[in-house]
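One-letter residues, chain by chain:
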Amino acid sequence: MSTQRFGERVPRLNDAKLLRGQGCYVDDVPLPGAYHAVFLRSPFARARILSIDASAAREHPSVAAVYTCDDLGPLDQPLPMLSPHPAIIAARTQRPLARDEVFHVGQTVAMVIAVDRYTAEDALRLIDADYEPLPVTVDLASAAAPGAHPVHPDLTDNIVGHFAQRSGDPDGAFAKAEHVTSLRVRMDRSTAAPIETRAIAARWEAATGELTVWDTTQAPISIRDGLASILGLEENKLRVIAPDVGGGFGQKVMLFYPEEILVPWAAMRLARPVKYVEDRTENFIGSSQERTQIHEIQLAATKDGTVIGLKDSFLHDSGAFAPYGIEVPRVSASAIAGPYRIPNVDVEFKAIYTPTVPVTPFRGSGRPHACFALERAMDQLADELGLDRFELRRRNLIGPDEFPYVREGLKYVDDGTITYDSGQYPKALAMIEEAIDLERFRREKDAAAKEGRYLGLGLAFYMECTGLGPYDGCRIRVHPATGKVSVNTGLASQGQGHETVFAQIAADRLGVPIEDVIVAQGDTAAFDRGGGSHSSRSAVVGGNAVHKAAVRVRAQILETAARLMAVPEESLELADGRVTVKGANRFMTLAEIAIAANPLSSPFDRPAEVVSQYGTAGQELVTVGEGRAPGIEASAYYSPSASPWAYGVHAAIVEVDPDLCSIAFKRYLSVHDCGKMINPTIVEGQMIGGIAQGIGGAFYERLDYDEDGIITNASFMEFLMPYATEVPKIEIMHLETPSPANPLGIKGAGEAGTIAVPAVVASAVEDALKPLGVGRFHHAPLSPNMIFEAITRARAKAGG
Amino acid sequence: MTGRSAEAPSAEASERSSDPRLLLRLTVNGAEIEREVSPRLLLSDFLRHELGLTGTHVGCEQGVCGCCTVMIDGRAARSCLALAVQADGATIRTIEDVASADGTLHPIQQAFQECHGLQCGFCTPGFIMGVLSHFEEARMPDLSEDGIREMLSGNLCRCTGYQHIVAAVRRAARLMNLDGPEKG
Ligand code: FES
Ligand code: FES
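Here the protein sequences line up with chains A and B, keeping their order.
Just so we're aligned, residue 1 is where the first sequence starts under my numbering, counting upward by one.
Just so we're aligned, residue 1 is where the second sequence starts under my numbering, counting upward by one.
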């Protein structure tokens with residue numbers, strides 16, 4: 001048997017080309033003669049468009065076209081609403097180009113196509129657009145309050161939807177409570193900021209009626225399906241390729257960004273390739289954002305620290321449009337009770353329009369907010385009850401023998417009842433407790449205090465429902481000439497390493513060296529049924545589809561070899577790219593078997609001759625069996641019937657400088673459980689990367705909207721993302737509880753890292769500053785200013 | 001829609017912009033290049049779109065992310081902050097010239113592969129050019145944790161959280177014998 005590759009630290013298979021600078025990202029696709037598109041974007045949050053005069057731009061000799069909504073014909077209609085739900089009261093989506101009014105700074109108003117980007121930008125300045133600004137309410141709480149200016153003129157308020165769900169008897173629990181803790185927490189607006197901005201290129205072949213689109217999307221199949229319907233093309237005439245993509249984190253999955261429709265459409269109209277590459281400023285004002293929520297959360301507890309009830313009521317900022325309906329806040333609502341038993345839960349929210357960039361999922365998707373609310377509440381409860389933070393959590397964590405743990409009445413976004421599948425939550429807590437070495441921490445904290453330095457310990461648990469359906473698929477084929485194995489899936493990678501982990505799964509089942517597995521993805525010509533890469537689903541849903549297809553192909557190989565060699569299947573062994581008769585010196589290579597399983601009228605070599613009409617094989621080999629494909633090939637689809645819940649716990653030791661109001665991480669620790677790991681190195685990369693992004697969201701990255709709805713820090717110079725100097729060394733500890741929810745026992749790992757960090761950092765800073773009498777930190781991201789104000793308040797109180 | 005159609009007559013714009021052109025002579029990855037370019041063309045765009053050296057990436061055009069880092073006359077520089085015409089007479093080295101001609105990875109590249117120092121790979125060429133120039137300039141690079149992080153502090157990566165990049169730099173220094181005499 002070949003060595004087992006599942007679970008091994010296999011080096012990634014596609015690194016070399018990326019390292020040599022030979023990756024092919026959308027803007028690298030050679031498209032001779034391509035025009036470039038640029039967009040006129042609204043400078044106002046809300047305004048009436050009085051006029052757009054594009055005549056001077058159109059007369060520019062190097063401009064091919066200038067389009068406004070009037071030129072779009074049937075395309076001039078609101079884009080699809082992707083997640084309908086009965087709790088949605090007013091669904092509004094944007095049009096490809098604004099008509100009559102604009103709803104956020106950055107909204108697309110006109111598209112200019114010219115010979116190059118420089119010229120196209122010159123022409124933008126020749127467009128004379130006249131607006132009448134309208135009053136706005138930008139702040140979330142104000143936008144939700146009576147008297148706010150409605151974002152959409154046909155509505156009287158800003159409510160997208162109102163959702164409520166409950167489990168158990170929360171009112172009864174609060175009536176019985178011996179102690180209730182209440183708090184209001186808030187998280188601010190942020191953005192994924194992938195280092196590659198969005199880009200779209202399209203080429204139309206008039207002669208064949210084929211359209212090829214290169215798109216930095218996380219979901220090429222969805223884009224293909226949607227574009228085919230919008231452009232009136234047959235699916236097989238439209239190929240969407242997500243080539244190498246430079247990070248996505250949720251921002252690159254939308255149906256549709258206006259540019260994703262308009263660029264292919266323009267390529268068809270002009271019969272020339274057209275390319276659009278977003279610039280960094282546009283990424284800040286034209287690509288989805290996430291995060292703002294305000295929670296009012298309460299925990300009902302007994303004196304001994306058993307949490308018997310939870311009530312949470314929150315506001316969610318949807319931005320100007322709601323293409324994903326109420327999906328993000330529904331994820332928050334589903335995650336609100338975390339890893340604790342809390343049998344009685346009442347959660348409700350209102351999603352609110354504000355005249356800002358639309359909100360769609362960003363790594364973590366609603367969970368960092370829920371985690372922040374719950375974990376800050378747990379810390380506060382512990383303090384109020386005089387209990388240790390670890391002890392309070394220990395008393396409430398669901399035990400390893402309590403699975404499946406069902407929260408009757410609470411639903412996930414797929415409408416399945418929340419059911420935790422497996423885990424060892426108390427063990428995770430014990431592991432982190434031990435790794436921190438609390439005794440040592442206390443000694444260091446005391447020693448630091450003597451020098452006027454403040455050390456604090458932060459702690460937070462997180463949960464993540466992963467592997468969202470509905471399904472994904474895989475087609476595996478053994479190549480006749482080479483014996484290499486093609487694994488084609490419908491997923492797309494933005495750096496997660498699918499090509500390696502899928503190859504590991506297939507190599508094990510098929511007994512081939514991993515180098516002989518060729519994974520194709522991100523291209524509808526490779527596979528064109530399935531979802532996309534988001535919701536921590538690729539490894540779970542795609543990986544299990546690869547597994548299923550590989551099991552089928554393995555059976556075909558053995559069955560075919562048994563017939564060809566006229567031996568019973570049980571006597572065969574599949575390893576090292578060949579099938580061997582056990583104990584005998586007879587074998588066939590996979591290439592030979594693949595040739596033999598594909599009956600030909602004209603054989604091109606010896607193995608092919610055996611199964612041809614001239615050959616010696618029996619009749620049944622010369623036909624393709626019922627229900628079989630010729631050759632060695634099988635497809636399979638995996639549709640999850642249960643969701644695997646990943647979880648983990650993070651802790652940090654930070655030093656807060658009360659004079660500079662800065663923080664420095666002394667240690668950052670994480671215990672996580674994503675079920676069976678296919679490749680621990682890749683999992684660690686996902687965890688560390690997620691935590692780094694979480695650190696950005698905990699202390700650095702806040703998009704500052706002013707009261708007119710203008711982002712005042714829409715550049716890398718002003719929106720501060722952590723460099724290597726801001727991110728500490730992260731200590732990762734693995735815990736592997738196989739998930740019973742799927743054949744491979746895996747859980748998703750893509751988003752987990754980000755979720756707990758804001759809660760951990762707030763918890764640590766609060767702990768550090770307790771000796772100064774500084775209060776609570778209930779607002780993320782934290783900032784030096786918040787620390788300064790908290791210390792000043794505390795000092796004033798102490799002095800007065 | 002008013003008057004003139006949205007599209008130029010027969011949808012034909014001129015084949016190239018009406019910008020004036022200046023003659024540019026420089027050496028890129030050992031090859032002598034002579035081109036007429038628009039005076040406002042960025043060096044990053046010149047390398048990527050005129051020469052097809054698309055391994056140099058553009059992440060911000062604001063001089064912050066470091067993706068576009070190349071070596072100009074032996075020193076790391078951000079090609080998005082320079083005009084192509086400013087590089088007249090210069091010698092430029094890009095990521096395409098780092099591995100050997102037969103494709104063998106440079107030790108820095110090899111270390112990035114071994115240490116999982118890249119995920120999406122978009123920032124990677126910029127990091128490699130930065131580290132390469134650092135290693136070539138500093139005879140004794142500071143290979144402490146803080147020293148390496150400082151060395152990397154001109155480049156943004158949104159995927160890796162930097163930790164594996166730090167490990168890759170340490171590994172590369174080992175492979176290149178830059179880490180001093182082997183310890184115990
Ligand atoms: S593209 Fe040059 S520094 Fe970002
Ligand atoms: S690997 Fe994706 S930005 Fe660095």
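To be clear, the hints were calculated from the coordinates, so they are not data collected in a lab.
Please note that the accuracy of each hint is not assured.
[Claimed, not checked] Part of the chain B face toward chain A, derived, beta carbon under 10 Å:
#1 S18
#2 P20
#3 L22
#4 R40
#5 H57
#6 F122
#7 F135
[What the hints assert, rightly or not] Just some of the chain B residues that point at chain A, by a computed CB distance under 8 Å:
#8 A99
#9 S100
#10 D102
#11 G147
#12 R158
#13 Y162
#14 L175
Positions of the beta carbon are idealized from the N, C-alpha and C atoms, including for glycine.
Taking the hints in turn, this is what the structure says about them:
1. Look at S18 of chain B: its Cβ gets to within about 6 Å of chain A, closer than 10 Å, so that hint holds up.
2. Here the hint on P20 of chain B is broken, as its CB sits about 12 Å from the closest CB of chain A, past 10 Å.
3. Taking 10 Å as the C-beta contact cut-off toward chain A, the hint placing L22 of chain B at the interface is violated, the least distance being around 14 Å.
4. A cut of 10 Å between beta carbons decides the hint on R40 of chain B: the least distance to chain A is about 6 Å, and the hint holds.
5. The closest approach between the C-beta of H57 of chain B and any C-beta of chain A is roughly 7 Å, which is under the 10 Å cut-off, so the hint is satisfied.
6. The interface hint given for F122 of chain B holds, since its Cβ lies 3 Å from the closest Cβ of chain A, which is under the 10 Å cut-off.
7. Because the smallest distance between the Cβ of F135 of chain B and any Cβ of chain A comes to about 16 Å, over 10 Å, the interface hint for this residue is violated.
8. Interface hint at A99 of chain B: satisfied, since its Cβ lies 5 Å from the closest Cβ of chain A, which is below the 8 Å cut-off.
9. Because the smallest distance between the Cβ of S100 of chain B and any Cβ of chain A comes to about 10 Å, over 8 Å, the interface hint for this residue is violated.
10. Look at D102 of chain B: its Cβ only gets to about 11 Å from chain A, farther than 8 Å, so that hint breaks.
11. Evaluation of the G147 of chain B hint against chain A yields a violated restraint, the C-beta minimum of about 11 Å exceeding 8 Å.
12. A distance limit of 8 Å between C-beta atoms decides the matter here; for R158 of chain B the minimum to chain A is near 5 Å, and the interface restraint holds.
13. Given hint, Y162 of chain B at the interface with chain A, holds; its Cβ is 4 Å from that chain's nearest Cβ, closer than 8 Å.
14. The restraint placing L175 of chain B at the interface with chain A is violated, with a minimum CB-CB distance near 14 Å, outside the 8 Å limit.
The structure does not agree with the numbered hints 2, 3, 7, 9, 10, 11 and 14 stated previously, though it agrees with the rest.
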